[in-house]
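From first to last, the protein sequence lines are chains A and B.
Residues 83 to 331 (my numbering) make up the first sequence, in order.
Residues 47 to 296 (my numbering) make up the second sequence, in order.
I should point out that these hints are in silico values taken from the structure, not numbers from a laboratory.
There may be inaccurate statements among the hints.
[What the hints assert, rightly or not] Residues from chain A that face chain B, not an exhaustive set, calculated with beta carbons under 10 Å:
#	residue
1	Glu108
2	Asn119
3	Glu122
[Said to hold, decoys possible] Calculated lysine-lysine pairs in the DSS-like style (CA-CA distance at most 25 Å, straight line):
#	chain 1	residue 1	chain 2	residue 2
4	B	Lys109	B	Lys253
5	B	Lys74	B	Lys203
6	B	Lys203	B	Lys91
7	B	Lys253	B	Lys49
8	B	Lys118	B	Lys253
9	B	Lys120	A	Lys102
10	B	Lys91	A	Lys102
11	B	Lys74	B	Lys253
12	B	Lys120	B	Lys109
13	A	Lys109	B	Lys118
14	B	Lys203	B	Lys268
15	B	Lys268	A	Lys109
16	B	Lys49	B	Lys120
17	A	Lys88	A	Lys102
18	B	Lys203	B	Lys165
19	B	Lys277	A	Lys109
20	B	Lys120	A	Lys109
21	B	Lys277	B	Lys253
22	A	Lys102	B	Lys118
23	B	Lys49	A	Lys109
24	B	Lys268	B	Lys120
25	B	Lys74	B	Lys49
26	B	Lys162	A	Lys109
27	B	Lys203	B	Lys109
Each residue gets a CB set at the ideal place from its N, CA and C atoms; glycine is no exception.
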Amino acid sequence: MKILGKFFGAIGRYVMLLGKVFSRPEKMSIYYRRTVNEIEALGINSIPLVAIISIFIGAVITLQMALTLESPFIPKFMIGYATRETMFLEFSSTVIAIILAGKVGSNIASEIGTMRITEQIDALEIMGVNSASYLIMPKIIATVLSFPLLALFSMIIGTVGGYIIAMTGVVLPAEYIEGLHYYFIVGEITYSLIKMAVFAFLITSISAFYGYYAAGNSLEVGRASTRAVVTSSIAIMISNLIITQLMRG
Amino acid sequence: MIKGEHLYKSFDGRTILEDISVEFEAGKTNLIIGRSGSGKTVLLKTLVGLHEPDSGSIYYDDKNYTALSFAKRKEVRRELGMIFQGGALLDSSTVYENVRLPLDMFTNQSSAEKDKRVKECLARVELSHAGHLYPSELSGGMIKRAAIARAIVLNPKYLFCDEPNSGLDPQTSIVIDNLIHDITVEYNITTIINTHDMNSVMEIGEKIVYIHQGKKWWEGTKEDILHADNKELNDFVFASAMAKRAKKSL
Numbered sequence: 083m084k085i086l087g088k089f090f091g092a093i094g095r096y097v098m099l100l101g102k103v104f105s106r107p108e109k110m111s112i113y114y115r116r117t118v119n120e121i122e123a124l125g126i127n128s129i130p131l132v133a134i135i136s137i138f139i140g141a142v143i144t145l146q147m148a149l150t151l152e153s154p155f156i157p158k159f160m161i162g163y164a165t166r167e168t169m170f171l172e173f174s175s176t177v178i179a180i181i182l183a184g185k186v187g188s189n190i191a192s193e194i195g196t197m198r199i200t201e202q203i204d205a206l207e208i209m210g211v212n213s214a215s216y217l218i219m220p221k222i223i224a225t226v227l228s229f230p231l232l233a234l235f236s237m238i239i240g241t242v243g244g245y246i247i248a249m250t251g252v253v254l255p256a257e258y259i260e261g262l263h264y265y266f267i268v269g270e271i272t273y274s275l276i277k278m279a280v281f282a283f284l285i286t287s288i289s290a291f292y293g294y295y296a297a298g299n300s301l302e303v304g305r306a307s308t309r310a311v312v313t314s315s316i317a318i319m320i321s322n323l324i325i326t327q328l329m330r331g
Numbered sequence: 047m048i049k050g051e052h053l054y055k056s057f058d059g060r061t062i063l064e065d066i067s068v069e070f071e072a073g074k075t076n077l078i079i080g081r082s083g084s085g086k087t088v089l090l091k092t093l094v095g096l097h098e099p100d101s102g103s104i105y106y107d108d109k110n111y112t113a114l115s116f117a118k119r120k121e122v123r124r125e126l127g128m129i130f131q132g133g134a135l136l137d138s139s140t141v142y143e144n145v146r147l148p149l150d151m152f153t154n155q156s157s158a159e160k161d162k163r164v165k166e167c168l169a170r171v172e173l174s175h176a177g178h179l180y181p182s183e184l185s186g187g188m189i190k191r192a193a194i195a196r197a198i199v200l201n202p203k204y205l206f207c208d209e210p211n212s213g214l215d216p217q218t219s220i221v222i223d224n225l226i227h228d229i230t231v232e233y234n235i236t237t238i239i240n241t242h243d244m245n246s247v248m249e250i251g252e253k254i255v256y257i258h259q260g261k262k263w264w265e266g267t268k269e270d271i272l273h274a275d276n277k278e279l280n281d282f283v284f285a286s287a288m289a290k291r292a293k294k295s296l
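I would like the entire structure built from these sequences, with the hints used as guidance.
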């Protein structure tokens, strides 16, 4: 009962925080500038991590498929097809989102949490600035815009990784390319990008929530950061199931 | 003038402030003194609205701040400046950007006008050379001075300082104290300073309120404090053996 009370209390505070975040900004020009900075900090700076993980996972999926689908009854182009489906439908959105929850989510929670315990948020409030909106809204807009592009980038890099492995001889590159084209539906990319936009919102808002309500000392900031990553990951999984059921079920 | 009437505040059932009524005068340096944990910071944060009092009223001149709507409170807050214990400068911004932020947010001045005002404030606190530095690159005294520059950039009517001398050496403390006092007189601000530094009390205290165990225990001037007949206050003011000897010789 106590746990349920805490859970619904946290949901209530989260919704109230979102209400504060999306209230009318004091000065649009400042929010615009902050959003551009956040796109660089949270989106562009994540490109190397996404690239490294995607190229290796694309390569490994292709290799695994080549080893698993070794049968005269299964055409070789299915290796490219399976790589594409895995990357486009789940890896480049869901798995990358979980990785970004670790990188970006913990960064947001610890940054805002540190601002809380060093009274920087109080200082903004005293100035008359809506601290929630000033700090969190640009981050949410930045990630909702940039994370789907990271997902798209991951899809491209992942299939390139698979192609590199194909060139080593596990499958003919032409057959791999044929598999990538096989029964290709643009809607799969749209589905993946929509998922990623939702995940971006969840990661950023949940992480900001834990940071914003951090209290005490640096240990609490660390705990807030851990809770942000764990809760964001669970939220990603639940929303993935719901979105998949709604869009593809 | 800032006035608190019958203020009560508790956290998790623990009473921190108990029936505090106090008035701080305009154009004066008002000090709240007391031991660590006496409720000074909670009182200051309650007066500025960072904590909501459980009961009681706060007045800024003729406005009942506690009865104001959120939007109206924001208007009052734009007339406040506050210097936090650790400075509370935004880590991701330079000193110049920190001082300029209130101007960017709340004025329609041209960029040149804002630039002029920021430079004036930085010059006033002798930080003209440090505008490009980040808070992590500043000394403790410079952080406090940058925080003062940010607090005065919008010409506030009320200035709050939470332990402005904490972590500073005695000489730098006096520089900061005098700077706050001079600004108070120059702009005719109502200034309230939280401190437990007796040097500050004797240097700049015009009105002093002593808080003990969440209650207002004593109030008076720095001249009165030396002759006060109040055990708790005397224990606090003349805490060291040397101060006790000095008290006896008074």
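Status of the hints after comparison with the structure:
no.: 1; hint: Glu108; verdict: 5 Å, holds
no.: 2; hint: Asn119; verdict: 9 Å, holds
no.: 3; hint: Glu122; verdict: 12 Å, violated
no.: 4; hint: Lys109/B / Lys253/B; verdict: 22 Å, holds
no.: 5; hint: Lys74/B / Lys203/B; verdict: 12 Å, holds
no.: 6; hint: Lys203/B / Lys91/B; verdict: 17 Å, holds
no.: 7; hint: Lys253/B / Lys49/B; verdict: 13 Å, holds
no.: 8; hint: Lys118/B / Lys253/B; verdict: 29 Å, violated
no.: 9; hint: Lys120/B / Lys102/A; verdict: 14 Å, holds
no.: 10; hint: Lys91/B / Lys102/A; verdict: 21 Å, holds
no.: 11; hint: Lys74/B / Lys253/B; verdict: 8 Å, holds
no.: 12; hint: Lys120/B / Lys109/B; verdict: 13 Å, holds
no.: 13; hint: Lys109/A / Lys118/B; verdict: 18 Å, holds
no.: 14; hint: Lys203/B / Lys268/B; verdict: 24 Å, holds
no.: 15; hint: Lys268/B / Lys109/A; verdict: 44 Å, violated
no.: 16; hint: Lys49/B / Lys120/B; verdict: 18 Å, holds
no.: 17; hint: Lys88/A / Lys102/A; verdict: 21 Å, holds
no.: 18; hint: Lys203/B / Lys165/B; verdict: 20 Å, holds
no.: 19; hint: Lys277/B / Lys109/A; verdict: 53 Å, violated
no.: 20; hint: Lys120/B / Lys109/A; verdict: 15 Å, holds
no.: 21; hint: Lys277/B / Lys253/B; verdict: 19 Å, holds
no.: 22; hint: Lys102/A / Lys118/B; verdict: 16 Å, holds
no.: 23; hint: Lys49/B / Lys109/A; verdict: 32 Å, violated
no.: 24; hint: Lys268/B / Lys120/B; verdict: 34 Å, violated
no.: 25; hint: Lys74/B / Lys49/B; verdict: 14 Å, holds
no.: 26; hint: Lys162/B / Lys109/A; verdict: 21 Å, holds
no.: 27; hint: Lys203/B / Lys109/B; verdict: 13 Å, holds
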